[in-house]
Amino acid sequence: MIKKALLGTLAAAFMASTAHAAEVKVGFVTTLTTPAAVIGKDMQNAVNLAVEHMGGKMGDLDINLIYGDDGFKPETGKQVTDKLVKQDNVDFVAGYIWSHVLLASRKSALDAGKFLISANAGPSPIAGKLCHENFFSTSWQNDQTPMAMGEVLNQKGVKSIYVMAPNYAAGKNMVAGVERTFKGEIKGKDLTKWGKDRQLDFSAELAKAKASGAEGIFVFYPGSAGGAFIKQYQQAGLTESLPLYSVFTVDGLSLPKLQAANFKAVLGSQTTQQWDPSLDNDQNKRFVADFKAKHGGYPSFYAAQAYDSMFLIKSAVEAVGGDLTKKDEMRAAMKSASYASVRGEYSYGNNNMPIQNFYLREVIEDSEGKWTTKVVQTVLEAHQDPYAGECSLN
Amino acid sequence: MDYVLLLTQTLNGLQLGVLLFLLASGLTLVFGIMDFVNLAHGSLYMMGAFICATLTFATGNFFLGILLAIPVMALLGYAVEFGLARWLYTRDHLSHVLATFGLILIFDTLVQIIWGEAGIVVPLPEWLDGQVEILPGVVFPIFRLLIIGSGLSIAAGLFWLVNYTRLGMLIRAGASNRTMVSALGIDIQMLFGLVFALGAVLAGIAGMLISPITEAEIGMGNGIIITAFVVIIVGGIGSMKGAFIAAMLIGLIDTLGRSFLDDAFKLFMTENSAETAAPAVSAMLIYILMAIILAVRPQGLFPPKVR
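Chains A and B, in that order, are what the protein sequence lines are. Per the numbering used here, the first sequence starts with residue 764, numbered consecutively. Per the numbering used here, the second sequence starts with residue 15, numbered consecutively.
Be a bit skeptical, because a hint or two may be false.
Unchecked claim - Some chain B residues near chain A, calculated using beta-carbon distances under 10 Å: (1) LEU19; (2) GLN23; (3) LEU25; (4) PHE71; (5) LEU138; (6) GLY207; (7) ILE227; (8) GLY233; (9) GLY271; (10) ARG272; (11) ILE302.
Unchecked claim - Derived lysine-lysine pairs resembling DSBU-like cross-links, with alpha carbons at most 35 Å apart: (12) A:LYS1137 - A:LYS973; (13) A:LYS841 - A:LYS919; (14) B:LYS280 - A:LYS836; (15) A:LYS950 - B:LYS319; (16) A:LYS946 - B:LYS280; (17) A:LYS870 - A:LYS1098.
Bear in mind the hints are in silico, worked out from the structure with no lab data behind them. Glycine residues also receive a C-beta, built at the ideal position from the N, C-alpha and C atoms.
With these hints in hand, go ahead and build the complete structure from the sequences.
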């Protein structure tokens, strides 16, 4: 599949150069190897679907899409970004699942005067001190989603929680996020090893959480680590005594696997998010329906954000009638967030991070018997991240 | 300190130790006795998990999955020995590392082609999915107890095999002087092939046992194999007894470190710096142990008497 995509882009590049067709070059960096490739693959499917929905064109320009694989490592992510910027001379660099990879890569793209669009990672520095006029996000700042969960915990009257997250940039932001809004007591905290040799057996931490006497447990475990966590949480018998409140842990990627193994404990569990397959707008309905028809399952939030990133780029290209030298006008077009987003309408703050709604979602079984999520309530409306004030842009 | 938590964490440590022993015992057989560095031992662990997952779904029973996966792993191990390792015994370690590193890439790609990148969640039979109260207040997942039990029985079986059987005697003899053993009319090629297959089965079983807890996923062996190498170095290369004791030691140190280091640090640090420092230091603990042991006893804790 990767090879096919590579061959496709190579062939497209060759044809484009011989025919001298005008084109817009987009580099998309994600993880296509290691266990995290499951996320990258989902994003890739969504990006390909977006290109298909656009008929392969943004305005009059052909789309030339080049994928880069960060291999789940910041240093590889930076190398790939360098290659996209210098060798391929792309107009836009998009993608980035991981906060530490984005932090390592941002300078390469921005110093070369390219537009950089994060379709997932939202580390705090990039929203604050390191904000940049050419950086845009189609996701969120890391703190925001756990802040929404903190509000939910307050509303439910939870007095104390135990907190677990992986030990890297995003994990720390997630912990900071829930601490910002949660009014109760945090009984204990564990940051577990992350990266290529990440820790996946949480027996010791779960035993501590249980012994802490907290009323609930808040976790952030993206990708396949989420599935592993939920299983062990169930096996340790904590479903009743220590209710689970998570962000980015239960998603369109882990649910089909958990359903295949009949892990019913996850049904009814609640997470917060800025997007959901059940959101009622035309763009989202088309995206979810076509994605399901093509790949058999629900898209994840990673896919939704990747899909949005392509439409954000399209809005910029079309605003300048395909003249990619007009950077200021393209920037203004993106800043207006006037494209149809699968999350519905949102706007950009001074730091080019979305100001958007956050919803509480619950895991349910849909009418076809597939496990998915639905929106229960809106927790935060038009929410801006807490770092916007540290950004010097207006 | 809370005895319930301490006891639970000790059991968790034992469970990790048992798993590490299953991996390290295979390494000990292959590296310690045949002097072959097999970096792809972790790939065999991964293959065990995936094969068992597929067979579990095909038969609808986790135990049938394991039973059927064991002969498959033995064949796979023998194939790796026959197709690759056999040609490299006389070469230096660097060639072993290079060839088996290539093997890791091949196995990872194979898994991606056959099973996709999503990984597989392996379901357990319902009676294994629960918890049991061992002592008042100490509630422990049944499946983790089963891992400890089966790991200890396998360790006992290996001990018997290596020390009290003809095959074990040949393995030990072949390790000290392969020319002499083959001069006595023993097919040493076949013997090493069998040992390699046994190592693959042990690694595979470790993978099968962990997959219902984590998941069967690409590259799952590449991280834990480093820890397994630490185990055999600490225990003394080539010593089964050493591997067992070191595996238990490292399982306990790692688990107890993750559990209690932050509390220990809070005694002399601010809460904030303890929370930052503890995860970093607990991830290093086993390497610190290895460094200390290498400094004091370079041959490991229990080096084999004859090499």
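For this session: If any of the earlier hints don't hold here, list their numbers in rising order.
Result: Hints 6, 11, 13, 15 are the ones this structure does not satisfy, whereas the remaining hints hold.
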